[in-house]
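K.L.:
Now for the letters of each chain:
Protein chains: 4
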Amino acid sequence: MIYFALAFVRRESILPPCPPQESISQEHVQQLGQERRGSLHSSGGRFVLSPKVQGLRNRLIKLMEDHIYPVENELCKLAQSDKRWSIHPEEERLKELAKKEGLWNLWIPCDSAARVKQVISGQTRDGNANTAFDELLGAGLSNLEYGYLCEIMGRSIWAPQVFNCGAPDTGNMEVLMRYGNAEQIHQWLVPLLEGKIRSGFAMTEPQVASSDATNIECSITRHGDSYIINGRKWWTSGAMDPRCKVLILMGKTDFNAPKHRQQSMILVDINTPGVNIKRPLTVFGFDDAPHGHAEISFENVRIPTENILLGEGRGFEIAQGRLGPGRLHHCMRLIGTAERGMQMMIQRAISRRAFDKLIAQHGSFLSDVAKCRIELESTRLLVLEAADQLDRLGNKKARGTIAMAKVAAPNMALKVLDMALQVHGAAGLSGDTVLAHLWATSRTLRIADGPDEVHLRTIAKLELRRRAKL
Amino acid sequence: MIYFALAFVRRESILPPCPPQESISQEHVQQLGQERRGSLHSSGGRFVLSPKVQGLRNRLIKLMEDHIYPVENELCKLAQSDKRWSIHPEEERLKELAKKEGLWNLWIPCDSAARVKQVISGQTRDGNANTAFDELLGAGLSNLEYGYLCEIMGRSIWAPQVFNCGAPDTGNMEVLMRYGNAEQIHQWLVPLLEGKIRSGFAMTEPQVASSDATNIECSITRHGDSYIINGRKWWTSGAMDPRCKVLILMGKTDFNAPKHRQQSMILVDINTPGVNIKRPLTVFGFDDAPHGHAEISFENVRIPTENILLGEGRGFEIAQGRLGPGRLHHCMRLIGTAERGMQMMIQRAISRRAFDKLIAQHGSFLSDVAKCRIELESTRLLVLEAADQLDRLGNKKARGTIAMAKVAAPNMALKVLDMALQVHGAAGLSGDTVLAHLWATSRTLRIADGPDEVHLRTIAKLELRRRAKL
Amino acid sequence: MIYFALAFVRRESILPPCPPQESISQEHVQQLGQERRGSLHSSGGRFVLSPKVQGLRNRLIKLMEDHIYPVENELCKLAQSDKRWSIHPEEERLKELAKKEGLWNLWIPCDSAARVKQVISGQTRDGNANTAFDELLGAGLSNLEYGYLCEIMGRSIWAPQVFNCGAPDTGNMEVLMRYGNAEQIHQWLVPLLEGKIRSGFAMTEPQVASSDATNIECSITRHGDSYIINGRKWWTSGAMDPRCKVLILMGKTDFNAPKHRQQSMILVDINTPGVNIKRPLTVFGFDDAPHGHAEISFENVRIPTENILLGEGRGFEIAQGRLGPGRLHHCMRLIGTAERGMQMMIQRAISRRAFDKLIAQHGSFLSDVAKCRIELESTRLLVLEAADQLDRLGNKKARGTIAMAKVAAPNMALKVLDMALQVHGAAGLSGDTVLAHLWATSRTLRIADGPDEVHLRTIAKLELRRRAKL
Amino acid sequence: MIYFALAFVRRESILPPCPPQESISQEHVQQLGQERRGSLHSSGGRFVLSPKVQGLRNRLIKLMEDHIYPVENELCKLAQSDKRWSIHPEEERLKELAKKEGLWNLWIPCDSAARVKQVISGQTRDGNANTAFDELLGAGLSNLEYGYLCEIMGRSIWAPQVFNCGAPDTGNMEVLMRYGNAEQIHQWLVPLLEGKIRSGFAMTEPQVASSDATNIECSITRHGDSYIINGRKWWTSGAMDPRCKVLILMGKTDFNAPKHRQQSMILVDINTPGVNIKRPLTVFGFDDAPHGHAEISFENVRIPTENILLGEGRGFEIAQGRLGPGRLHHCMRLIGTAERGMQMMIQRAISRRAFDKLIAQHGSFLSDVAKCRIELESTRLLVLEAADQLDRLGNKKARGTIAMAKVAAPNMALKVLDMALQVHGAAGLSGDTVLAHLWATSRTLRIADGPDEVHLRTIAKLELRRRAKL
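Protein chains in written order, with the UniProt record's numbering: chain A, 1 to 470; chain B, 1 to 470; chain C, 1 to 470; chain D, 1 to 470.
Okay, chain A solo, but in the shape it has when bound:
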């Protein structure tokens, strides 16, 4: 209680501090705390950071500034070369650094961590092993707390995986943490938590509108103690990565079951015969090497039955559980992406001249910057609120606000980045800045994890339900 009260005294708003440059000094935090002590008894809350999260945030910002921004160019260069589908050694070095700094697997929510520990401890007596394992289970943060950190990672496309916080691995780990059995956890979750392997999520299919998961046609047919998989998947992000070892595949085990009981999820070792990676897909010309988005055909792929997750017909249920936090992680990162855009456009506008004035002094620049800032701040608040509702009310009750965040965040980021592009002129379009790539990635997120249209429908339905029965 005392700890909590102190935390409250010291907490500071997330909003004023802003991108790359600044780390808030501890002194300043304490001073603020004293100023505010008077308001301790006031009820009501707001988005402020606990000292613990503030500490993590400061370390994270520092690592980004000292180690990630400086190597972005080099990582990009490899990813555009002939050796694009290989891993730069720097990346693995940065991962070790992140671990050492206690910035590893920060995305893991306490309850998922708890379940895994429980499953594991039923199996092992070895206390030591557990301690080492505990260190892989993140910092015990709520989704809201992670929001303050995930945002920072969103400032660089290279950052999330350095902290083992990138999609689709986090979503896949989440599935294993929530629904995996001890065997599956040992075989696949542990190396994923360690960052030794990567994973893909094989759900979307080229021939049907996969935003409606009931359309999926890939078949998983039982033959004795195996399943045989046949189908075609695409946009299996991460599957091009040489470290990718496992796919979670969604298919149908029973085409005759009720609509939402036909689907199952199954773990597929990517080296199983019949798994054919056909080609990398591009996103506005980017192939996102070495991560990549693969089209994969599954031709009579034989998988042991124990690889099924949770059981036949539970695929839809898992998909629902998987998406909540994953969607929000994307939104959190988009806030950071937009901050990067803000920072870059201002830097450019105050350092480049045309027609005898700085770009910042031309036309509607200032007015547009202000509008971007307004939209950025309100969207950040919406994302944090959604994270908080997820923590307090759970996936289902929070789904309206999550859907709002999922629509608002990419649209906001695209607006900010588009302005940043315009301010950069032709340079912005090219590979010489991160802007075009950030834009393309953000554009993807108006489609991935449910297109805007599906989320708008969800929001509208909830709105109508609140007022009346149609």
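By construction, these hints were calculated from the structure, which means they are not laboratory data. Treat the hints with care, as some may be off.
Here are the simulated DSS-like pairs of lysine-lysine, each with C-alpha atoms no more than 27 Å apart in a straight line [stated by the list, open to error]: (1) C/K83 / B/K83; (2) D/K77 / D/K278; (3) A/K397 / B/K62; (4) A/K83 / D/K77; (5) B/K397 / A/K52; (6) B/K357 / C/K396; (7) A/K357 / D/K461; (8) C/K99 / C/K196; (9) A/K461 / D/K357; (10) D/K83 / D/K278; (11) A/K396 / A/K461.
We have chain A; now place chains B, C and D onto it with these hints.
P.N.:
Below, chains B, C and D without anything else, positioned relative to chain A:
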């Protein structure tokens, strides 16, 4: 500490509950509290209500539903009749009810209340009088807490004054509470706090761009122990009201002083000879009777020198202090205004048919409703955040976020109301619904208390300052 | 042919010349013509004026500048006074002037004029009378040609009726010209053409969504040689005018006929017993006196059977024919309305200072003006194109482009006027400029003659039909 | 005259007929002509096609449908392979076909063609040679007439060069036609007109804001009978193409001359020593192979003095002349690009299902399609109007409308394409449809040939000048 902890346990998000209809049952609140007890130790905060504020909010919603919405039509009718410039007795009755329910002067922040008590107590020994007076000083709420309540009042144009929370009276009372001396407090603040009189704020002038206060031309010239005022003011809202007894006037006492030291504020008894109310102004055809917006000429108006506020040359300083909370009150009310629009448009869309379908089933209705909801929620969060920053960081540090809220709120409300108008067809344009009037009032707020353009400039300047020196 | 070739040589683009100020000198026109003679043989056409239309346009602009803008304030003053529902003598004087200048009834298309002459000449031998009558039949312009002129009238809310070109009279005259018999033409059309009486169109009903005309509930029941009308209508514009003598009413003669054969239109003398004008409606706070928008109840109103138009069950058919040109007239006027807004905002921005700069030098003013101009020009072209298609292809084939113009024009005008309002600050909201009134009138036109949503549906359907059968 | 009159009789609106599918039958054209004969004497014009242009348009559409759309995929495949910087033989075959069909060099305006013939004929007596040469000089079309055709080419990124109508070659040929001497015409223009070689335009520099051409830093220094060039250029489009033989380079011959007399343009043989193509730039992730956008360094590049265009210090003047039509060509193509997007999104929406409905039946699809169509039509009209003004009034007087078209067209196309992308889901983002590439190319055009901001400034200045002197 225990109290606070309990408060935390029980607090509930502001967001899910929504307009007119529902009051949240106490049972439900407790139940939620229990579900959440586990997360007590989590650090970080968010926008949730204390039981105290939740209680006030429930009483407020109930009073609106039982007593205000039902008489809106009747109040409007009088305000459009020949007797438009008189007060409906119902209004005074409702004010008594609000007092009885403890919903009076809720806008008053604790620190302003404290100052007044101090000034008063220096003068009086009469404890009893003080107790009665204390009841006029609101509920000791922070700006954030008031935000949850003020929003509800914004659902009806008639509500704010019923709770003695309407502009410009709140701004004027705030000025008197912060800067008035004992004499001024007794003479003018007390009857205002009691709701016995009303007041106007005479600042804007027709012949100059008054958003830049240094443009003001009205003169306040010292002659012995009087000031003589000469000038023309307009948009002095409330000055048409028969109960209006006093104006706070901004003019120049010294045209040769430094730019921001020329202005002074002075209390003007509205019945002083030379104060000529020329005419009521209209806002998109509405004259907002009986409140009204007056054009007033001041011709050799003689005022005792003791009516000056704070001293000569302090007018600019007072204006700065006056605007912070006042601007936010407008924003809070606009959130409620938008909620009213949401509710009405949905009600209409699910009850009216064209071309064999409900309006809700036509075209882009659902998609547009969802977009309105997203913008409404994010703007609400921005307004609450600004209120919280005002509480925690003060007027000056919070000015950026206040400016954001001041731009975002009316633009959002206008978007929602415009859609509601469209859904109502011709009925929406007429006086038969509250929509056109709410729209006109909201449109005013893109200009009043600083036009959008001025706030955007503030935001942009802060943004640039964060990044670099120009 | 020679005439046409010369016309072509001399014609000049409609686009560059702009609002109130300028009249293009004849000299300039000839000079341009000579410059262009070389391109005579080039095929292809564009929006350029014939000398005839250019002459009319110059006279029209001059009359507006010399006689209409100068009296706007005075007309407004009467319309806001106690005598609001009376006609200012200046208005009738201006009508005589317009007749004398040959600027009367310019809206009448040649084919409608031809039909009326034919009907009339079947009845009369009196050549002289016909000559006088011919002068009432306009200038024999196409819809496209009228577009260049109607636009000019749209710059003032008072102008259209001065030229006998205002709604709903033009629509009602059009109905009588196309569908009226000799009797009806003599009794009602002639005085309307002369500007001696005015008329109303009673279609919209408060209790149903009248944008779907099949919803209409007003009954027209045959009793011997009379019809008995019962029902309630509102938004019967013009019916408050003391000169209004006749209504065209849409009701149902047969509730059991096929959906589009139930409706009939009938002429109703406004002084018939049972026609009760209940009240004027407001648009935002404007009642548009002395014209007005009436709510009218019809209680057992007995009308002679010969007042039916075209015959029972033909109402829907007439409604379709009535709307095409009428809708476009609104669009043409909106172009002029927007030009007025452009002119006023620039005038203001280059004459008013704040923070040491002209408003034109602040923020995004220039960039926003440019965006307004782009939208204004493209919308003007769309309206002219729609008028041209109406001339060349007829009502039905042109309906897609007319629908586009009907959506684009008010939305564009509202955007321009909103910016003009913002530039004018509080003055713009009041009755001291024409802006708020022009805005309110323009807003109406997103609903009147079909709300945006209905037109968007039409456009989308045509689009899909062009590509494939659904 | 007779010819012209007949042309007028037969002409048909550009607007209703629409993308790929349909060719309008000659029968239909004649029929329409007859219907309209009655309106011959009407004055005023509009956007309708002459039979000549209609004929070219039909042939063009047919060639696109029969030969270009079918090979798009194959051309793309090569351009994404290891052999990306080579030319597909199909492309050269298509160019021959275009010549044979009389669809070659259609962009050439009569006046430019006339100048070239004059220059050439001064040099040669060989009548036969001239006849062959004449065939290279296009079809004698006005800019307006070319607009109807260029639009069609914009539907495929591969089309413009098939008809020798692609940037930057057209702009470079235009420069040579207007400003080249006989020698320069023979050496460079003729092979360009023949399609044997390609060219680049080296103007933009990485280190300065090149939208302000006075910023340019590349030096062209006279040494005896040579110029020595030193500098760095980027975004020299086309320079990666193996057929590219010549660059028009803009640099400074005199850093001390008045601001707009420092620049010169010079012809640079791409094989001159010191011309180093550093790398291809990407636009979003596209390198636009085999065309490409090059960064080039010029290190002591020695060029004969006779390669200078028009003379030292005339570079700015040439740049001005070059841009007018070139900008409009981009706009024309963007209209076609948007039509392609419209067609594709509708095709997809009526053939794909999600949640038991066609995509066309979901959410705001129809309403959004209608809004796209409105914006597309009005922008098309604006582009055609600008082309017509360019023909009638010349580059300088038309510059306002050209600037409007230059802002409106890419923004409109991006809006339409963005919707098309969204409707296509993940497929739209990938290289499997043309959408992402069309989007990236269109985005470029908000920057190339002057960013939006510069054009908005031009428009605003003209607007203010029309009203008053600042």
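K.L.:
Given the proposed pairing of A/K461 with D/K357, does the C-alpha separation stay at or below 27 Å?
P.N.:
17 Å, holds
K.L.:
Going straight from one Cα to the other, do A/K83 and D/K77 come out at no more than 27 Å?
P.N.:
Answer holds: A/K83 to D/K77 is near 20 Å, not above 27 Å.
K.L.:
A/K357 and D/K461 were given as a pair; does the straight-line alpha-carbon distance stay at or below 27 Å?
P.N.:
Since the Cα atoms of A/K357 and D/K461 sit roughly 17 Å apart, the hinted pair holds (cutoff 27 Å).
K.L.:
Does the alpha-carbon distance linking D/K77 and D/K278 stay inside the 27 Å limit?
P.N.:
24 Å, holds
K.L.:
Is the hinted pair B/K397 and A/K52 satisfied, with a Cα-Cα distance of at most 27 Å?
P.N.:
Satisfied, since the Cα-Cα distance of roughly 25 Å is no more than 27 Å.
K.L.:
Does the alpha-carbon distance linking A/K396 and A/K461 stay inside the 27 Å limit?
P.N.:
Distance ~14 Å between A/K396 and A/K461 Cα, so the pair holds.
K.L.:
Given the hinted pair C/K83 and B/K83, is their Cα-Cα distance within 27 Å?
P.N.:
17 Å, holds
K.L.:
For the pair supplied as a hint, A/K397 and B/K62, is the alpha-carbon distance within the 27 Å limit?
P.N.:
With Cα atoms ~26 Å apart, A/K397 and B/K62 stay inside 27 Å; holds.
K.L.:
If you draw a straight line from the CA of D/K83 to the CA of D/K278, is it 27 Å or shorter?
P.N.:
The hint holds at about 18 Å.
K.L.:
Would the pair B/K357 and C/K396 pass a check requiring their Cα atoms to be no farther apart than 27 Å?
P.N.:
25 Å, holds
K.L.:
CA of C/K99 to CA of C/K196, is that 27 Å or under?
P.N.:
Between C/K99 and C/K196 the Cα gap is close to 13 Å, so the pair holds against 27 Å.
Consistency with the previously given hints is maintained throughout, with no hint failing.
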